[in-house]
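Peer 1: Got chain Y; can you put chain F on it based on the hints?
Respectively, the protein sequence lines represent chains Y and F.
Numbers 1 to 458, taken from this note's numbering, label the letters of the first sequence in order.
Numbers 1 to 458, taken from this note's numbering, label the letters of the second sequence in order.
Treat the hints loosely; a few may be bogus.
Which copy is meant is left open, because identical chains are indistinguishable; a pair holds if it fits in one copy or across any two.
As the list claims (entries may be wrong) - Once the Cα atoms are required to be at most 25 angstroms apart in a straight line, the calculated SDA-like pairs of lysine to any residue come out as:
{"#": "1", "residue 1": "Lys246", "residue 2": "Pro347"}
{"#": "2", "residue 1": "Lys128", "residue 2": "Pro6"}
{"#": "3", "residue 1": "Lys128", "residue 2": "Asp21"}
{"#": "4", "residue 1": "Lys104", "residue 2": "Gly198"}
{"#": "5", "residue 1": "Lys31", "residue 2": "Cys337"}
{"#": "6", "residue 1": "Lys128", "residue 2": "Arg196"}
{"#": "7", "residue 1": "Lys246", "residue 2": "Glu335"}
Rather than coming from a laboratory, the hints here were simulated on the basis of the structure.
2 protein chains.
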Amino acid sequence: MGASGPRSVSTDERGFPRYWDEERETLDPGKREGLILERIQHQLAYVYAELPFYRRHYDAHGFHPAQVRSVEDFTTKVPVITKKMLIADQAEYPPYGSYARDLKAGEIARIHGSSGTSGTPTMYAVSKADWDRAGDVHAMAQWCAGIRPDDIVQVGFPFGLFFGGWGVVQGAERIGATLFPLAITESERHLELMARLGSTVFSATPSYCIHLLSVAEKLGIDLPGNTVRRLLVGGEPGGALPNTRKVIEEGWGATAADCGSTSEMYPFQTSVACTEGTGTHLYIDEVFTEVVEADDLNAPVPARARGAVVYTHLWRDSQPMIRFAPGDETYLDTETCRCGRTYPRMPEGVLGRLDDMLVIRGANVFPSAVETALRSVPELGPEFRILVRRVGAMDEMTVQTELGPAAAPGSESEAARRAEDALKRVLQIRVPVELLAPGTIPETTFKARRVVDERPKS
Amino acid sequence: MGASGPRSVSTDERGFPRYWDEERETLDPGKREGLILERIQHQLAYVYAELPFYRRHYDAHGFHPAQVRSVEDFTTKVPVITKKMLIADQAEYPPYGSYARDLKAGEIARIHGSSGTSGTPTMYAVSKADWDRAGDVHAMAQWCAGIRPDDIVQVGFPFGLFFGGWGVVQGAERIGATLFPLAITESERHLELMARLGSTVFSATPSYCIHLLSVAEKLGIDLPGNTVRRLLVGGEPGGALPNTRKVIEEGWGATAADCGSTSEMYPFQTSVACTEGTGTHLYIDEVFTEVVEADDLNAPVPARARGAVVYTHLWRDSQPMIRFAPGDETYLDTETCRCGRTYPRMPEGVLGRLDDMLVIRGANVFPSAVETALRSVPELGPEFRILVRRVGAMDEMTVQTELGPAAAPGSESEAARRAEDALKRVLQIRVPVELLAPGTIPETTFKARRVVDERPKS
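Chain Y with its partners taken away, still in its complex shape (with noise of 0.2 angstroms):
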C-alpha cells in the first residue's frame, strides 16, 4: 500500500484521475453494506477476543459479537463508548488503555494525544500497518477534496501533540503534493510566504484562516487576488456550517472544504467536503459512521434528520474505536452525489458537540461559531467567555472579551462594535459584547469550556 497512487479509469477536467479508488468511491452503496458489515464482524470478534476494556464493556452489557448479524444489529445492540470511558481505562491501564493492543516496541508509527480538561492529555498510539493504511485514506480525501500532484500546500495547523497537521502532511505527501508546513503563529509571514511561492492550498482551523481575512486587511494585502485556491479546513466544528463558509470563501476567493475529525478517530481522514458543494462525504467503508438518537444511541434516525454521530473503525487495529460516541450532532444526506460518490454526506458537516450547544432566542448557538466570529476581529485578544442567563422565560447570552496586544489603548467601545457585528454575520443574532480589561479572563489550554452558565439548575 505505502507506494500507491490514485486508481481511477475516469479523468477530470485537468486530465488527473477523477477519484483516488474508483471502485471504492463510487461502490453500489448495498454492496458496500456487505463489505462493512464483514468488517464490522470482523473487528467486533477481534475487540472482544483481545482487548480487555471491550470484553469487559460488552460483557457489563450482557452484549456478544455473536448477535450482530446485519448493520441494523451493530447499530441497535452494540453498547456506545464515550470519551470519559476512554478517559478512565488510560489511567488505570497507562500509557494507551486496554483498548490499545499490546504493542511492541518497534510496532508503533505514531505517538500523539489531545490535551484533557483535567490537564492530562489522552495519548493515540498508531501502528506502522494502521498509519500506512491511515495515509491511503488521508490521500483519498484530501483527493476529494480537490488537492492534486501539481499543487502547494500550506499548512498553519501546530505541529505538536495534536495530531491534524501531521495527518495533513502525510496525505498531501502521499498525493505527491508540494508540503509548506508552517508554525500557526506567523501569521504575516503565511501571507507573506504564500504570495511569494504561490501556494495553491492552505489548511488550517476555520478560525485561523478568519483570522488571516484580519491579518491580510492590516497588510493590505488582496487574499482573492493570490495564489490559493482551495482552503482544508478542520480542526474544530464550523467548516461547513453555511454562515460560517461564506465568510471564509468570500474572504479567500478560494472554496474551502471541511476536514472534521476527532483525534480518537485520528489519523484515519474520512469526513471531507465534496468540490461539488454538496458537503462532506464520509467514508463510511473506513469509518463506518452512524447518526442515531441523542438520548438514544442505539436508535437510528431518518436521512436528514439531527442526531448523535457514532464513529466505528472498520480497519484499525492498534486502538481501534467501536461506536464511539463523541457526543457530534450533524445530519446525512445519502443520495449519491454529483461528483458520482455514493457515500452518505453530512450537508453542513459536524454542527458542533451537543453538550456545547446552547439556544437562544430560537436559534442554536454553538460555542465554536462565537470563537469564530471573534477570531475575525484583529483587536481582540484570545480569551473570551459567554455568559448564559436567563430572562424571563427565555435564555440570553453575553460574549466577555479582552483588548489584544494589537489594539489601541481606549480602542474598547469600537473593538466591542465590531465584535458584535461580526457574531451578528456569523450567529444570525445580535448578542451584546462586553470588553474586560486585558488579564481579566483567565488563561486556557488548548480545548477550553468557554460557556459560563448562570441559569438556575433545573
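Peer 2: Below, chain F without anything else, positioned relative to chain Y:
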C-alpha cells in the same frame, strides 16, 4: 530507494545490523576519493550548464569545470559561495534563486526556510528525488548515532519554517522507529510524557536539553533514572563541545550525539556523532566537507588544524551547494574510527561561527556557549546580550539578561549568581552577569545577534 532498510552483514550486540550501509560506510578512503571526484565533476558540469548563479560566478572568477581533474583541484581552484551571495541571488531571482533548478509544479516535495537577519527568510526547495534520497541519508546518520527500530524518538524541535525537526522525523521514520513529536514550548509535558511513554531517544537543541535539566530539577524528576538513553542534538553549535556535552550527558544520564548542520545543506544530514564518543562523522561521499584556511578558502589545512568548513552537495540537484562556506570553524581527524566507519570526524563538532567568536582572557568564547549556559537557569527570561569592551590591552565581556516570568520578584542577585556559575561551568572562565529590568532587552527573532561590540574600531 523509498522503502530501503539497512544493508549490513555485520551485526551489533543486540543483533541489529551494525551499519545502515556497510559497504559504503566502511569503504577504503582511497576508493571513496575516486567516487567523490566523479560526483564533484558531475555536479560542476551540471551547475555550470544549468544554474545561472554558478555560471556567472565561475565565469567572473575565470574558473571552468574542466579545470578539475582531482579532489585537490576542487579545493584549490573552485571559488566558494557564501550566505550573502545566496541571499542576494534569491532576492534577484525569487523565490528560490538562480542557484535552484527550475522546478515545475509537482516536482518539489518540501519547502522550508530560515529566518534572515533582514526579516526576509531564505527559502529552500527540495525536489522529490532529493527528499527521498535525503531520507535514506538521514536514516544512515541516525543509525550511526545509535537509533534503532525499537526506539521511541521524542522530538523537541519546533516544526515550522525551520528544517531541523522535519529531518529528524524523516530519518527516524525511515529507520522504522516510533516517533513522538511535541512542540518545544511544552517543557513540563515533554518530561511528564517521556516518563509515561518510556521514550528512549530525545532530540532537540543542546540549549533545550540543558533547559529541561532545570525544569526537571524544579519538578523533582529524576532524569538519569528515566528511559532516555540517547540524545540527538543539533540546530546550533555546542553539542559536541566537551564541556557542554558533559553537562548534558551527566544531567540526563544519557549519551549525546551532535548532528550539527546548516539549513543550506539540509535535509542532507551528513554529520553525526558516533556512538563510540569519538566525534562527529562526516559522510563526505554525500556532502563533501573540507577544512580550509579561514582567510584563504582555497587553501586546505592539515588534519587536526582548525579552519573554516566548506561543504558540497554531491548528489542534490534541486538547490545544490557547491563549495558553500557557512563561516563555521572546526578541525578534522582522519583516522579510522573504532566503529569501523572510514569517514573523517570532527572530534568536537562545529565549534561555532568564525564571525561570532570572541577571545576573552585567552579563551575562545562563542555566543552559542553563553546561550547554552544561560538556558540552564530557569529564573532567566529568553533574552540576553553580550557586551564586549576593551579594558587596557584586553577584551572583557559582561553578560546582560533579565528575570523571566517564573522568577520571584527580588530574586535578581540569586539569579545573577546562578547565571555566573553556569557560565563558569560551560566557558571555563568567570564572566560578570547583570540583571536588567524585564523588557529592557529588545525581543529577538530566531537567529539573533547577541553581541554588542563596544571595542574601538581598528
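Peer 1: Hint by hint, note whether the structure agrees.
Peer 2: Hint check:
no.	hint	in the structure
1	Lys246 - Pro347	within (14 angstroms within a copy, 60 angstroms between copies)
2	Lys128 - Pro6	both (21 angstroms within a copy, 18 angstroms between copies)
3	Lys128 - Asp21	both (22 angstroms within a copy, 23 angstroms between copies)
4	Lys104 - Gly198	between (44 angstroms within a copy, 12 angstroms between copies)
5	Lys31 - Cys337	within (17 angstroms within a copy, 63 angstroms between copies)
6	Lys128 - Arg196	between (37 angstroms within a copy, 21 angstroms between copies)
7	Lys246 - Glu335	within (24 angstroms within a copy, 66 angstroms between copies)
Against the hints set out earlier in the document, no violation occurs for any number.
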